[in-house]
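I would like the entire structure built from these sequences, with the hints used as guidance.
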Amino acid sequence: FGFPYGAADIVCLEPENCDPTHVSIHQSPHGNIDQLPRFEIKNRKAETFSVDFTVCISAMFGNYNNVLQFIQSMEMYKILGVQKVVIYKNNCSHLMEKVLKFYVEEGTVEIIPWPINSHLKVSSKWHFMQDGTHIGYYGQITALNDCIYRNMQRSKFVVLNDADEIILPLKHPDWKSMMSSLQEQNPGTGIFLFENHIFPETISTHMFNISSWNTVPGVNILQHVHREPDRKDVINPKKLIIDPRKVIQTSVHSVLRAYGNSVDVPMDVALIYHCRVPLQGNLPRESLIRDTTLWRYNLSLVMNVNKVLHQTVL
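In terms of our numbering, the sequence shown is residues 38 to 351.
Hints listed in this document are in silico derivations from the structure and should not be mistaken for laboratory results.
Among the hints, erroneous ones may be present.
List of simulated lysine-lysine pairs, PhoX-like, C-alpha gap at most 25 Å [claimed, not checked]:
1) K213 with K276
2) K193 with K208
3) K275 with K115
4) K283 with K79
5) K275 with K126
6) K138 with K115
7) K276 with K115
FRET-style restraints, in silico, Cβ to Cβ [said to hold, decoys possible]:
8) N102 with S218: 35 to 41 Å
9) S87 with H209: 19 to 25 Å
10) I47 with S87: 26 to 32 Å
11) H164 with D267: 21 to 27 Å
12) Q167 with D267: 30 to 36 Å
13) D267 with I247: 30 to 36 Å
14) S61 with D267: 45 to 51 Å
15) L336 with F86: 26 to 32 Å
Glycine included, C-beta positions come from ideal geometry on N, C-alpha and C.
This is the structure:
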């Protein structure tokens, strides 16, 4: 993406008849290894999976304070079958800290501290702007690759998306039934790509205007059910559900090196609900497509969000 620094994958051959426990990196094959940092080799033992789905959220930064939408995403992930969400945290607001603490204590969230700006000049953009920064989007690609390897032996699937994105199944009630059907139809496939669709936060409906939520900072996704139409000659970006044991190296919207095939999941099976500022901001409401798929989950979602709010923010 044009930045001077990026994620590097360093692949080491294992010596024969050796079961290594640590690895060091040196630019010369004959360096003095005594002075080098040693890294423990993790994830060697194949465990039985402790969870079906782990969501990786790379880089929470910018004093993140979209509290309501974050809680709604977390509760939607849980309804859809997620047991673990890994968050690479650079920083967030005081209120958000309180919410994260709740989810960590509940056992849903694992926080990976991500102080990348202590080492590099980070950009909050994904592409280089000639502004003297070193690496894009708070080192997102490095975090995503770390998350895959970290969860390789403990999660059946790993989901790579942002906190304002939810993969919504259209033919199945949850991800488990959706993935078992997709795997059945696509044997040998380890990478499933889902198409991103923007639901602009600028266009809202009066439904689900819940008064107690109005005091909570952030977007109420239940009020945003109009999506932008596809644009001619523009390919919608994809996000991924992967079998982490089949992936060697990933980027943000596609996998770079893998064993096995990848498949684009058709939009009638699932789409990514992405509630954010519009990409086609000049479109009137009539040009948007009303899509209330999210409302299928409204009863559980409202109840679960209320429970969390009463234990944290309210």
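Taking the hints in turn, this is what the structure says about them:
| no. | hint | result |
| --- | --- | --- |
| 1 | K213 with K276 | holds, 17 Å |
| 2 | K193 with K208 | holds, 21 Å |
| 3 | K275 with K115 | holds, 22 Å |
| 4 | K283 with K79 | holds, 17 Å |
| 5 | K275 with K126 | holds, 23 Å |
| 6 | K138 with K115 | holds, 17 Å |
| 7 | K276 with K115 | holds, 18 Å |
| 8 | N102 with S218: 35 to 41 Å | holds, 38 Å |
| 9 | S87 with H209: 19 to 25 Å | holds, 23 Å |
| 10 | I47 with S87: 26 to 32 Å | holds, 28 Å |
| 11 | H164 with D267: 21 to 27 Å | holds, 22 Å |
| 12 | Q167 with D267: 30 to 36 Å | holds, 31 Å |
| 13 | D267 with I247: 30 to 36 Å | holds, 32 Å |
| 14 | S61 with D267: 45 to 51 Å | holds, 49 Å |
| 15 | L336 with F86: 26 to 32 Å | holds, 30 Å |
Of the numbered hints listed earlier, not one is contradicted by the structure.
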